[in-house]
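Knowing the structure of chain A, use the given hints to seat chain B on it.
Line by line, the protein sequences are chains A and B.
Number 189 in the numbering used here belongs to position 137 of the first sequence; there are no gaps in the numbering.
Number 259 in the numbering used here belongs to position 207 of the second sequence; there are no gaps in the numbering.
In case anyone wonders, no lab produced these hints; they're calculated from the structure.
Just so you know, not all the hints are guaranteed correct.
Remember, identical chains collapse to one label, so a pair may be satisfied in a single copy or spanning two.
Stated by the list, open to error - Below, in silico cross-link-like pairs of lysine-lysine (DSBU-like), each with a Cα-Cα straight-line distance of 30 Å or less:
| id | residue 1 | residue 2 |
| --- | --- | --- |
| 1 | 361 | 328 |
| 2 | 353 | 260 |
| 3 | 369 | 107 |
| 4 | 239 | 369 |
| 5 | 328 | 260 |
| 6 | 239 | 372 |
| 7 | 168 | 239 |
| 8 | 361 | 68 |
| 9 | 372 | 107 |
| 10 | 369 | 260 |
| 11 | 107 | 168 |
| 12 | 156 | 328 |
| 13 | 68 | 120 |
| 14 | 361 | 156 |
| 15 | 328 | 98 |
| 16 | 260 | 107 |
| 17 | 147 | 260 |
| 18 | 361 | 260 |
| 19 | 156 | 107 |
Number of protein chains: 2
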Amino acid sequence: MIPVPNEILSTLRAAKRVLVASHIYPDGDALGSQLALGECLETLGKEVFFYSEEKVGHLYDFLPGCEKLRHSLPDISGFDCVVSLDCAEAQRLGKGAEQLLTAKRLIMIDHHAGHKLFGDLQWVDPDRASTGEMVYDLMVPLGVEIPYDAAYCLYAAMVSDTGSFMYSSTTSDTFRVAAELVNRGVKPSDVAGRLFDNFTINRLRLLKLVLDSLEVHADGRIALITVTPEMFSETGTVAADTESFVNYPRSLASARVAAFIKETRNNVISVSLRSKGDDCDVAAVAAEFGGGGHRNAAGFKIIDGDRAKVSRELLQKLQKVVAPL
Amino acid sequence: MIPVPNEILSTLRAAKRVLVASHIYPDGDALGSQLALGECLETLGKEVFFYSEEKVGHLYDFLPGCEKLRHSLPDISGFDCVVSLDCAEAQRLGKGAEQLLTAKRLIMIDHHAGHKLFGDLQWVDPDRASTGEMVYDLMVPLGVEIPYDAAYCLYAAMVSDTGSFMYSSTTSDTFRVAAELVNRGVKPSDVAGRLFDNFTINRLRLLKLVLDSLEVHADGRIALITVTPEMFSETGTVAADTESFVNYPRSLASARVAAFIKETRNNVISVSLRSKGDDCDVAAVAAEFGGGGHRNAAGFKIIDGDRAKVSRELLQKLQKVVAPL
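Chain A extracted, bound-state conformation:
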């Protein structure tokens, strides 16, 4: 565990106006850690601007404080510092990246591996399970009495990025922080219910179609599912509705690697990859397609691709990854 650098603490202590940002297509960890950090800084009397390129989708709009998010950038020169949360590279900040990089002080806090460092001050620890977990450990030395809403957001961030403590990234630090957040009044079943019991009927119909696409290869060691633009239009769903679907191919007892190939719009293809154990590094596979991530959870995106071709090339690479030594 890498402790928070002192210069980040002193910069945040001194700052009066702070802008907090996270990555595009924000997930629970991005939004939860952003909202929590912002609210905690507000309790210290700082003025906080919450920036997010897009509106929050229905999966995460239960997070308290969502309504504070603004979708266009103010004049960056007016802020003492900008904090980038959960972004493995500057590009992930979206359209505003270039402008955000002009900040007086740009602090990046993140837990992804294979990082492209940016900004002035970095706290990057790939051994942490979520950025939310790190934000908790940032608040303690700043002397923040974490308010309930912020604790709720941090807990949601942690649960979201560990699949409720099931992913290999989960450590004793994860549980230590979870215990502290529950001590602040967070109810685990409430957060889990909001994060996981959020299906619409259309989303269940989409799941059914996606399960139909299941393919297994290499004696069941590779499992793939696919979603197409036709499935979205047939069920009246959107890309965000596929959240966590990659867990279905992953749940096959025989699967060593799982892939979810998403053609969200015609020829726009996102792929989520998962693996189990230490043998299969899906971050390396994602990197071959220009993506990134962790050993057990990675992804890539291709604009103007051909789904059949991407599937074929991906399968070839995965077959090498799961090949017996």
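Using the frame of chain A, we list chain B on its own:
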């Protein structure tokens, strides 16, 4: 949190021969806490007899130490004490209950509510999320250096009985103990993988068919799914493969109650009921059909029933339960 009674500690300290038992149809918490307690007592130099009426099924046979379980009772008079784990009443000890009750000292350790106390020494705490969590807190004052296998079993017990920390029973104590067990080398993803990533392709095919049966009523407040003997034969699956399927209708954001109607063999109908929050008591609904359970999780079984008729009658009763006041 109720601390472990001193008399239980002194009885275990003094005992040379101990028999550990848990309930019939044992789940992860029963087996995990039993195997862990037994192994820990062995490290203190005690002779331990592991009793379980039945053989362990394929869902839990990954638990280290399973092979130590014996399926017939020895002469109880030869033991200094018997420890009953995770049993809410003596009957749950199964066929051996009467004999086990003749032990010199019978210790019961359990976390269920609505308890029928039995035995000589009781440690019952319905505020604890699992018996495994309690066994950990029993080992600390006994000075046991918990071995890896026992830590693994305790962690599995906890994950199993909290749905990976998602049920409302999860507390900060649950997370405190989980952190300690991970510090002893347990890998959360390994245990979760064994407990939850146990799908076969046929089971995923069955899930797809069952999702096809989804019906919603009362503006989405009631969600029902059904499995038929035809679906089992079409996919080559058995009743045990439907484990946790009731979570799908439950996962609809609009659902207040969920039901899973299982015709496992022709005219043999089992129904699982779930509800959310405090408003809908499904135990009362189950009772009308001769079943039982808790407010949020209950069920009933009808031998020689007509599925369409059971579904119709059930729906009528559920409509009353979710009716706005």
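Consistency of the hints with the structure:
Only within a single protomer do residue 361 and residue 328 lie at most 30 Å apart by alpha-carbon distance; the minimum there is 25 Å, versus 45 Å between protomers. Taking CA atoms no more than 30 Å apart as the test, residue 353 paired with residue 260 passes in both settings, with 24 Å inside one copy and 28 Å between copies. For the identical chains of this complex, residue 369 and residue 107 are neighbours neither inside a copy (36 Å) nor across copies (41 Å), given an alpha-carbon limit of 30 Å. In the homo-oligomer, the alpha carbons of residue 239 and residue 369 lie at most 30 Å apart only across protomers (28 Å), although the nearest pairing inside one protomer, at 42 Å, exceeds that limit.
In the homo-oligomer, the alpha carbons of residue 328 and residue 260 lie at most 30 Å apart both inside one protomer (24 Å) and across protomers (24 Å), since each shortest distance falls under that limit. In the homo-oligomer, the alpha carbons of residue 239 and residue 372 lie at most 30 Å apart only across protomers (26 Å), although the nearest pairing inside one protomer, at 44 Å, exceeds that limit. Within a single copy, residue 168 and residue 239 get their C-alpha atoms only as close as 36 Å, which misses the 30 Å cut-off; across copies the closest is 29 Å, which meets it. For a Cα distance limit of 30 Å, the shortest separation of residue 361 from residue 68 qualifies neither inside one copy, at 51 Å, nor across copies, at 68 Å.
Neither within a single protomer nor between protomers do residue 372 and residue 107 lie at most 30 Å apart by alpha-carbon distance, with minima of 40 Å and 39 Å respectively. For the identical chains of this complex, residue 369 and residue 260 are neighbours both inside a copy (27 Å) and across copies (29 Å), given an alpha-carbon limit of 30 Å. Taking the closest pair of Cα atoms, residue 107 and residue 168 come within 30 Å of each other only inside a single copy of the chain (26 Å); across copies the shortest separation is 53 Å, beyond that limit. Neither within a single protomer nor between protomers do residue 156 and residue 328 lie at most 30 Å apart by alpha-carbon distance, with minima of 42 Å and 48 Å respectively.
Proximity of residue 68 and residue 120 under a CA criterion of 30 Å is satisfied intra-copy only: 18 Å inside one chain copy versus 64 Å between copies. Taking the shortest alpha-carbon separations for residue 361 and residue 156, neither the intra-copy value of 45 Å nor the inter-copy value of 71 Å comes in at or below 30 Å. For a Cα distance limit of 30 Å, the shortest separation of residue 328 from residue 98 qualifies neither inside one copy, at 43 Å, nor across copies, at 38 Å. In this assembly of identical chains, the alpha carbons of residue 260 and residue 107 lie at most 30 Å apart only when taken from the same copy (28 Å versus 32 Å across copies).
For the identical chains of this complex, residue 147 and residue 260 are neighbours neither inside a copy (35 Å) nor across copies (40 Å), given an alpha-carbon limit of 30 Å. In this assembly of identical chains, residue 361 and residue 260 lie within 30 Å of each other by CA distance both inside one copy and across copies; the values are 24 Å within and 27 Å between. Only within a single protomer do residue 156 and residue 107 lie at most 30 Å apart by alpha-carbon distance; the minimum there is 26 Å, versus 66 Å between protomers.
Of the hints listed earlier, those the structure fails to meet are numbers 3, 8, 9, 12, 14, 15 and 17, in rising order.
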